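Using the sequences and the hints, build the whole thing.
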Amino acid sequence: MHTITTDKEWATRHLYEKSWVEDYWKSRDHPHRAFLVEKICKYAPINSILEVGCASGPNLYNIAKKFPNAEIRGIDINPSAVEKGNEWLKQEGISNVKLEVGRAQELNRFANKSFDIVFTDAVLIYISPNEIKKVVKEMLRISRVVILNEWHAFKKWLAVLLNEYYYFRLIFSRQRLKVLNIPFKPKSASLGFFARHWVRDYRMLFEEFVPKERILITKLPKEVWNDKSWQQWGAIIEVWSK
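Residue numbers (the numbering used here): 7 to 248.
Hints are supplied without guarantee of correctness; some may be wrong.
Derived PhoX-like pairs (lysine-lysine); straight-line CA-CA distance at most 20 Å [claimed, not checked]:
| hint | residue 1 | residue 2 |
| --- | --- | --- |
| 1 | Lys72 | Lys104 |
| 2 | Lys162 | Lys234 |
| 3 | Lys119 | Lys104 |
| 4 | Lys218 | Lys248 |
| 5 | Lys225 | Lys162 |
| 6 | Lys96 | Lys72 |
| 7 | Lys139 | Lys162 |
| 8 | Lys104 | Lys71 |
| 9 | Lys48 | Lys72 |
| 10 | Lys161 | Lys234 |
| 11 | Lys48 | Lys248 |
| 12 | Lys119 | Lys225 |
| 13 | Lys228 | Lys45 |
| 14 | Lys248 | Lys140 |
| 15 | Lys45 | Lys225 |
| 16 | Lys161 | Lys228 |
| 17 | Lys218 | Lys162 |
| 18 | Lys139 | Lys248 |
| 19 | Lys45 | Lys71 |
Here are the simulated distance ranges between beta carbons [to be verified]:
| hint | residue 1 | residue 2 | range |
| --- | --- | --- | --- |
| 20 | Lys48 | Glu98 | 23 to 29 Å |
| 21 | Leu164 | Gln97 | 43 to 49 Å |
| 22 | Lys218 | Trp163 | 20 to 26 Å |
| 23 | Arg202 | Val107 | 35 to 41 Å |
| 24 | Gln111 | Ile223 | 19 to 25 Å |
| 25 | Tyr173 | Lys71 | 39 to 45 Å |
| 26 | Phe160 | Val107 | 30 to 36 Å |
| 27 | Arg115 | Gln237 | 31 to 37 Å |
| 28 | Met210 | Asn102 | 32 to 38 Å |
Derived from the structure by calculation, the hints contain no laboratory data.
These numbers come from a predicted model, not from an experiment.
By construction, the Cβ of each residue, glycine as well, lies at the ideal position given by its N, Cα and C atoms.
What follows is the structure, given as C-alpha coordinates:
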(Lines of atoms letter the chains of each structure in order from A and count residues from 1; the text may use other names and numbers.)
(Lines give C-alpha, C1' and ligand atoms only; values in the text may rest on other atoms or scores of the structure.)
Protein backbone atom coordinates (compact mmCIF):
# COMPACT_ATOMS: atom_id res chain seq x y z
CA MET A 1 0.00 0.00 0.00
CA HIS A 2 1.23 3.49 -0.78
CA THR A 3 -0.41 6.67 0.45
CA ILE A 4 0.81 10.20 -0.08
CA THR A 5 0.83 11.58 3.43
CA THR A 6 2.89 14.76 3.58
CA ASP A 7 3.56 17.80 1.43
CA LYS A 8 7.26 16.77 1.33
CA GLU A 9 6.47 13.33 -0.08
CA TRP A 10 4.03 14.88 -2.56
CA ALA A 11 6.76 17.17 -3.88
CA THR A 12 9.37 14.41 -4.05
CA ARG A 13 7.04 12.12 -5.97
CA HIS A 14 6.21 14.70 -8.58
CA LEU A 15 9.77 15.89 -9.03
CA TYR A 16 10.40 12.54 -10.64
CA GLU A 17 7.10 12.19 -12.46
CA LYS A 18 7.78 14.80 -15.10
CA SER A 19 4.60 14.03 -17.03
CA TRP A 20 2.51 15.07 -14.00
CA VAL A 21 3.55 18.73 -14.28
CA GLU A 22 2.29 18.94 -17.86
CA ASP A 23 -0.86 16.92 -17.13
CA TYR A 24 -1.70 19.29 -14.29
CA TRP A 25 -1.26 22.29 -16.57
CA LYS A 26 -3.57 20.66 -19.11
CA SER A 27 -6.28 20.34 -16.44
CA ARG A 28 -7.13 24.06 -16.74
CA ASP A 29 -10.66 23.19 -17.85
CA HIS A 30 -11.43 20.81 -14.99
CA PRO A 31 -14.94 21.75 -13.75
CA HIS A 32 -13.86 22.38 -10.16
CA ARG A 33 -11.51 25.16 -11.29
CA ALA A 34 -14.35 27.14 -12.82
CA PHE A 35 -16.36 26.72 -9.62
CA LEU A 36 -13.42 27.93 -7.52
CA VAL A 37 -12.76 30.92 -9.79
CA GLU A 38 -16.45 31.82 -9.63
CA LYS A 39 -16.19 32.02 -5.83
CA ILE A 40 -13.11 34.22 -6.12
CA CYS A 41 -14.80 36.54 -8.63
CA LYS A 42 -17.45 37.43 -6.03
CA TYR A 43 -14.85 39.64 -4.36
CA ALA A 44 -14.15 41.84 -7.38
CA PRO A 45 -12.60 44.30 -7.76
CA ILE A 46 -9.43 42.40 -6.90
CA ASN A 47 -5.96 43.92 -7.11
CA SER A 48 -3.81 41.12 -5.72
CA ILE A 49 -4.12 37.34 -5.40
CA LEU A 50 -1.88 34.57 -4.05
CA GLU A 51 -2.35 30.84 -4.57
CA VAL A 52 -0.58 28.66 -2.02
CA GLY A 53 0.34 25.39 -3.72
CA CYS A 54 -0.17 26.54 -7.30
CA ALA A 55 1.83 23.77 -9.05
CA SER A 56 2.20 24.84 -12.71
CA GLY A 57 -0.53 27.46 -12.38
CA PRO A 58 -3.75 26.28 -14.09
CA ASN A 59 -5.94 28.10 -11.56
CA LEU A 60 -3.93 31.28 -11.93
CA TYR A 61 -4.16 31.04 -15.72
CA ASN A 62 -7.96 31.09 -15.40
CA ILE A 63 -7.91 33.90 -12.85
CA ALA A 64 -5.61 36.02 -15.02
CA LYS A 65 -8.19 35.82 -17.79
CA LYS A 66 -10.73 37.34 -15.41
CA PHE A 67 -8.41 39.90 -13.80
CA PRO A 68 -5.78 40.90 -16.37
CA ASN A 69 -4.71 43.95 -14.36
CA ALA A 70 -4.33 42.26 -10.98
CA GLU A 71 -1.02 41.25 -9.43
CA ILE A 72 -1.28 37.45 -9.35
CA ARG A 73 1.27 35.25 -7.62
CA GLY A 74 1.63 31.59 -6.78
CA ILE A 75 3.99 29.56 -4.63
CA ASP A 76 4.68 25.84 -4.79
CA ILE A 77 7.20 23.39 -3.31
CA ASN A 78 7.91 21.80 -6.69
CA PRO A 79 10.62 23.76 -8.59
CA SER A 80 9.90 21.88 -11.83
CA ALA A 81 6.22 22.87 -11.75
CA VAL A 82 7.12 26.50 -11.04
CA GLU A 83 9.67 26.67 -13.86
CA LYS A 84 7.42 25.07 -16.46
CA GLY A 85 4.37 27.01 -15.29
CA ASN A 86 6.13 30.35 -15.74
CA GLU A 87 7.23 29.22 -19.19
CA TRP A 88 3.73 28.16 -20.27
CA LEU A 89 2.10 31.29 -18.87
CA LYS A 90 4.52 33.40 -20.89
CA GLN A 91 3.73 31.39 -24.02
CA GLU A 92 0.03 32.12 -23.42
CA GLY A 93 0.78 35.85 -23.33
CA ILE A 94 -0.04 36.19 -19.62
CA SER A 95 2.27 38.71 -17.99
CA ASN A 96 0.58 39.43 -14.65
CA VAL A 97 1.21 36.00 -13.07
CA LYS A 98 4.43 35.08 -11.29
CA LEU A 99 5.13 31.63 -9.84
CA GLU A 100 7.78 31.11 -7.16
CA VAL A 101 9.11 28.22 -5.10
CA GLY A 102 7.65 28.35 -1.59
CA ARG A 103 5.80 26.41 1.10
CA ALA A 104 2.50 26.89 2.88
CA GLN A 105 4.40 26.73 6.17
CA GLU A 106 6.61 29.68 5.21
CA LEU A 107 4.26 32.59 4.53
CA ASN A 108 6.25 34.91 6.79
CA ARG A 109 7.93 36.23 3.63
CA PHE A 110 4.74 38.24 2.96
CA ALA A 111 3.74 41.43 4.80
CA ASN A 112 0.42 41.91 6.59
CA LYS A 113 -2.53 42.22 4.19
CA SER A 114 -0.32 41.82 1.12
CA PHE A 115 -3.19 40.31 -0.88
CA ASP A 116 -6.90 40.78 -1.37
CA ILE A 117 -7.33 37.02 -1.79
CA VAL A 118 -5.22 34.06 -0.68
CA PHE A 119 -6.48 30.64 -1.74
CA THR A 120 -5.61 26.94 -1.90
CA ASP A 121 -6.82 24.08 -4.06
CA ALA A 122 -6.26 20.61 -2.58
CA VAL A 123 -3.17 21.66 -0.62
CA LEU A 124 -4.10 21.65 3.05
CA ILE A 125 -5.12 17.98 2.76
CA TYR A 126 -1.35 17.36 2.93
CA ILE A 127 -0.64 19.66 5.88
CA SER A 128 -0.25 17.81 9.18
CA PRO A 129 -2.19 18.58 12.39
CA ASN A 130 0.77 20.17 14.14
CA GLU A 131 1.19 22.72 11.31
CA ILE A 132 -2.33 23.58 10.21
CA LYS A 133 -3.07 26.28 12.81
CA LYS A 134 0.05 28.22 11.92
CA VAL A 135 -0.71 27.94 8.19
CA VAL A 136 -4.28 29.27 8.38
CA LYS A 137 -3.31 31.98 10.86
CA GLU A 138 -0.64 33.19 8.45
CA MET A 139 -3.07 33.09 5.53
CA LEU A 140 -5.44 35.30 7.50
CA ARG A 141 -2.60 37.66 8.38
CA ILE A 142 -1.49 38.27 4.79
CA SER A 143 -4.94 38.53 3.17
CA ARG A 144 -8.34 40.15 3.41
CA VAL A 145 -10.17 36.99 2.32
CA VAL A 146 -9.07 33.34 2.51
CA ILE A 147 -10.68 30.86 0.10
CA LEU A 148 -9.96 27.14 0.37
CA ASN A 149 -10.97 24.16 -1.73
CA GLU A 150 -10.21 21.36 0.74
CA TRP A 151 -11.63 18.33 2.57
CA HIS A 152 -14.09 19.46 5.26
CA ALA A 153 -15.56 17.16 7.93
CA PHE A 154 -19.28 17.56 7.23
CA LYS A 155 -19.80 14.26 9.08
CA LYS A 156 -17.33 14.05 11.94
CA TRP A 157 -18.38 10.52 12.91
CA LEU A 158 -17.41 9.26 9.45
CA ALA A 159 -14.08 11.08 9.60
CA VAL A 160 -13.38 9.51 13.00
CA LEU A 161 -14.24 6.03 11.69
CA LEU A 162 -12.00 6.39 8.65
CA ASN A 163 -9.25 7.81 10.84
CA GLU A 164 -9.32 4.59 12.88
CA TYR A 165 -9.48 2.45 9.73
CA TYR A 166 -6.42 4.03 8.13
CA TYR A 167 -4.57 4.04 11.44
CA PHE A 168 -4.88 0.27 11.87
CA ARG A 169 -4.37 -0.37 8.17
CA LEU A 170 -1.00 1.37 8.31
CA ILE A 171 0.00 -0.30 11.58
CA PHE A 172 -0.51 -3.76 10.12
CA SER A 173 0.82 -3.01 6.65
CA ARG A 174 4.35 -3.96 5.66
CA GLN A 175 5.06 -0.38 4.67
CA ARG A 176 4.52 1.49 7.95
CA LEU A 177 4.15 5.06 6.86
CA LYS A 178 4.54 7.92 9.33
CA VAL A 179 2.95 11.31 9.05
CA LEU A 180 5.71 13.57 10.35
CA ASN A 181 5.83 11.26 13.43
CA ILE A 182 2.37 12.48 14.46
CA PRO A 183 -0.31 10.03 15.71
CA PHE A 184 -3.35 9.58 13.51
CA LYS A 185 -5.55 10.54 16.47
CA PRO A 186 -5.65 14.37 16.55
CA LYS A 187 -6.60 16.31 19.66
CA SER A 188 -9.62 17.88 17.95
CA ALA A 189 -11.61 17.79 14.73
CA SER A 190 -10.16 21.16 13.77
CA LEU A 191 -6.67 19.64 13.49
CA GLY A 192 -7.75 16.86 11.18
CA PHE A 193 -8.68 13.21 10.78
CA PHE A 194 -6.65 11.04 8.46
CA ALA A 195 -8.85 9.53 5.74
CA ARG A 196 -6.21 8.95 3.07
CA HIS A 197 -5.55 12.69 3.33
CA TRP A 198 -6.33 15.14 6.12
CA VAL A 199 -10.01 15.97 6.66
CA ARG A 200 -10.75 18.65 9.24
CA ASP A 201 -13.52 20.84 10.60
CA TYR A 202 -12.56 24.18 9.08
CA ARG A 203 -15.38 26.05 10.78
CA MET A 204 -14.07 24.99 14.18
CA LEU A 205 -10.50 25.75 13.10
CA PHE A 206 -11.18 29.29 11.84
CA GLU A 207 -13.44 30.17 14.77
CA GLU A 208 -10.26 30.27 16.85
CA PHE A 209 -9.21 33.33 14.85
CA VAL A 210 -12.33 35.07 13.49
CA PRO A 211 -16.02 35.37 14.47
CA LYS A 212 -18.21 32.59 13.07
CA GLU A 213 -20.14 35.16 11.01
CA ARG A 214 -17.06 35.59 8.83
CA ILE A 215 -16.93 31.92 7.83
CA LEU A 216 -18.89 30.46 4.90
CA ILE A 217 -18.65 26.79 3.93
CA THR A 218 -20.18 25.45 0.70
CA LYS A 219 -20.21 21.78 -0.20
CA LEU A 220 -18.56 21.14 -3.55
CA PRO A 221 -21.25 20.13 -6.08
CA LYS A 222 -20.87 16.49 -7.10
CA GLU A 223 -20.83 17.32 -10.78
CA VAL A 224 -17.69 19.47 -10.55
CA TRP A 225 -15.37 16.68 -9.38
CA ASN A 226 -15.93 13.09 -10.47
CA ASP A 227 -14.16 11.57 -7.48
CA LYS A 228 -15.78 9.76 -4.56
CA SER A 229 -13.59 11.35 -1.88
CA TRP A 230 -14.06 14.89 -3.23
CA GLN A 231 -17.79 14.30 -3.46
CA GLN A 232 -17.76 13.19 0.18
CA TRP A 233 -15.49 15.84 1.67
CA GLY A 234 -14.95 18.57 -0.91
CA ALA A 235 -15.84 22.09 0.24
CA ILE A 236 -15.19 25.72 -0.52
CA ILE A 237 -14.33 27.57 2.68
CA GLU A 238 -14.50 31.37 2.57
CA VAL A 239 -13.19 33.40 5.50
CA TRP A 240 -13.10 37.18 5.92
CA SER A 241 -10.05 38.16 7.94
CA LYS A 242 -11.34 41.71 8.57
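Hint consistency between Lys96 and Lys72 [alpha-carbon to alpha-carbon, up to 20 Å]:
Given that 20 Å is the threshold and the Cα spacing comes to 17 Å, the pair holds.
Does Lys162 lie within 20 Å of Lys225 when you go C-alpha to C-alpha?
holds (15 Å)
Hint check for Gln237 and Arg115 - Cβ pair distance inside 31 to 37 Å
Between Arg115 and Gln237, where Cβ atoms are some 35 Å apart, the hint holds.
Pair hint Lys161 and Lys234, alpha-carbon separation not exceeding 20 Å:
Cα-Cα ~15 Å, so holds.
Run the distance test for Lys104 versus Lys71: straight-line Cα separation, threshold 20 Å.
holds (14 Å)
Given the hint that Lys48 pairs with Lys248, test it: the Cα-Cα distance must not exceed 20 Å.
holds (16 Å)
Compare the distance between the alpha carbons of Lys139 and Lys248 with 20 Å, and conclude whether the hinted pair is satisfied.
holds (18 Å)
Would the hint linking Lys218 and Lys162 be met if the CA-CA limit is 20 Å?
holds (19 Å)
Taking the beta carbons of Phe160 and Val107, is their distance inside 30 to 36 Å?
holds (34 Å)
For the pair supplied as a hint, Lys119 and Lys104, is the alpha-carbon distance within the 20 Å limit?
The hint holds at about 18 Å.
20 Å limit on alpha-carbon distance, applied to hinted pair Lys119 and Lys225:
violated (27 Å)
Outcome for the supplied range 20 to 26 Å, where the beta carbon pair is Lys218 and Trp163
Between Lys218 and Trp163, where Cβ atoms are some 22 Å apart, the hint holds.
Figure legend: structure checked against the earlier numbered hints; hints not met, in rising order: 12, 23.
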